[in-house]
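Given the sequences, and given the hints that come with them, work out the whole structure.
Its first residue numbered 1, the sequence shown is counted upward by one per residue in this note's numbering.
Quick list of in silico lysine-lysine cross-link-like pairs, DSSO-like style, CA-CA up to 27 angstroms:
hint: 1; residue 1: K56; residue 2: K382
hint: 2; residue 1: K306; residue 2: K373
hint: 3; residue 1: K297; residue 2: K56
hint: 4; residue 1: K56; residue 2: K46
No wet-lab data here; the hints were simulated from the structure.
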Amino acid sequence: MTHLKPATTYTSCCLHEPVKLLASTESLNDIQPKTIPGFFRECCEKYQTHTALAYKADNPGHNSNNWTHITYNDYFENVEKAALALLHLGVEARSSVAILAANCPEWFYIELAALRINAVVAGIYTTNSAEAVYHVLETSDASVVVVDNSQQMEKIRAIRSRLPKLKAIVQLSAPYDFEETDEKSGYYSWANLMQLDFGKGLRNELLFREEDVAANMCSLLIFTSGTVGLPKGVMVSHDAVLYVVQALNKSLTQLKPGMESCITYLPLSHIASQFFDIFLGMLNGANIYFADRNAMKGTLCETIKKVRPTWFFGVPRIFEKLIERQAKTEEEQKTLYNNARELVLKQYMDQMAGNISATLAPGWALDIVKEIKMGLGLDCLKYCFTGGASVSEELKLHFLSLDLPLVEAFGMSETCGGVTADFKRPNLQTSGQALAGVEFKIDSPDIYGEGEILIRGRCNFMGYLKEPHKTREAFTEDGFIKSGDIGQLDAGGNVYINGRIKEIIITSGGENIPPIYIEDQIKKLLPCVGNAMVVGDNRKYLTVLLTFKTLINPDTGYPTNALLPETIQWLATLQVHCTKLNELLNIQLPENLQHLDFNNIEIKLDPRVLKGLQDGIDSYNQVALSNAQKIQYFRVLLHDFSIPTGELGPTLKSRRSFVQQKYAKIIDQMYN
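Here you go:
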């Protein structure tokens, strides 16, 4: 049976259309194209009685130390039953099955079941608003959506009338607000579906559907933010997923198939969780432990301590939380622990400096570091992966001192996850080297060799669903993905990431945030605002800088003290009557703004104005696409943005880096 369908193009924006593979003969011979259902079957046959999944009952009275274990044999049977259930619900080939749920075994079953019946999977963040959920369901032509609880069900009820293609809604756990056995309503409980006896006809249909799955067709839809507008559906093929996972796995020489474990806690709607939890786990016959729903709110550290995983992926903020926890445990013997970590770090630093005769850390220091790792549950780790946001050198150094080199995996949804890594040596400055079969090059490098990073290989995504124009914009003419990141390549092929062309903000939790979209919404709600700049890169939450609209001097380009009519009118609705900026801010403004001490002048806004601004922010937060996209704090600046004051470039585009440097003290106040 062939795993590929005939194709004429390397990209597609349609779920029914296959693509040609960007593959050399060498890469095809090394890693042959496979479908995910076929790959899953192979893994289950290989690891039959090994534990595949482990979870705790979502029940307050359940013993928190008891895990329920699922073998690979059971895993396969559960996926087959789920596939029959999806056929029973009327899921058609090449339509999508959407999952709006926290990480749970059923997510794994339903995803792999949908792929077996030649459908596509669209994950949805549980923090998404009803409108954001609607966007995913409508864009992906979802015929079935699976939700985990009544809270998520409320979102579906609010939008169902606008989704004519949606045939069924399945809820995983009680309580239900519908009759479980009333199929005419289109609402189903998972438990009731699993009790049905599926006939021979559906089983034959399952075999037929699975035979028709092709490696060069879309398997997953990863919805990722653009710089403006709603999230785009990144189409990922079966081959791309499996190629990247197998290419990375060839470098993971410490892993022993059937003897590994990891924790799934980051949302499975994110490409990193798909990569490390579902597919790398499957390939290695690993035991995947499910963290509870509150993992990101603080329980993850306890889960790590109990599970003691052998590999772990975390966004930088997760590792920062581990450091915070470590600091609490070291208080009584802080000096001893610090001395031990310094000696371990010195060993690594000497090695990186090329010191062949580097002194090994003494045994007592290694013993203490091991004790620290045991206290955190990190003592069994073979690989510690990070990515999803920029990784500071400080963070890498800290984990080196714990004898845990962080392996930074650079990638994006459009490359099916991480396509670089460095396992040969600890790495502080670079993101490692390209995986086998993946090409990197720099577009239009400057005199320092710096330019936009371009990527090409079997890792390439197919296109953005239903968005041919944006798909064309994402690729060069010769098939390289435009990463939107500025960087360099050294002679050894190491990738240096120096910044982003894209306006995307990536929080310390790894959330991708489109700031322009948020800024536009705020300005619509607050007509008095001339410029809104969202801040939050590598930070825990979003804040925004606001300016009032004022007249610009046509001769000098400087903002003046005169408020524009729309600002005056907005103030009047609050019963505040001002025409000058200095009156509004209760400060003295010099004629030449260059002499202002921007960070140290205290603005004293009328309480009515403060409330009016906060009401606008609150109105935006009510329609924000997710919790991560909500604004927590705001500050008003002393004047509107302009070219001579530096906030705007020659084409009137906001200079984000400049603004964040100029107003650093004000920004820091919102995070301290």
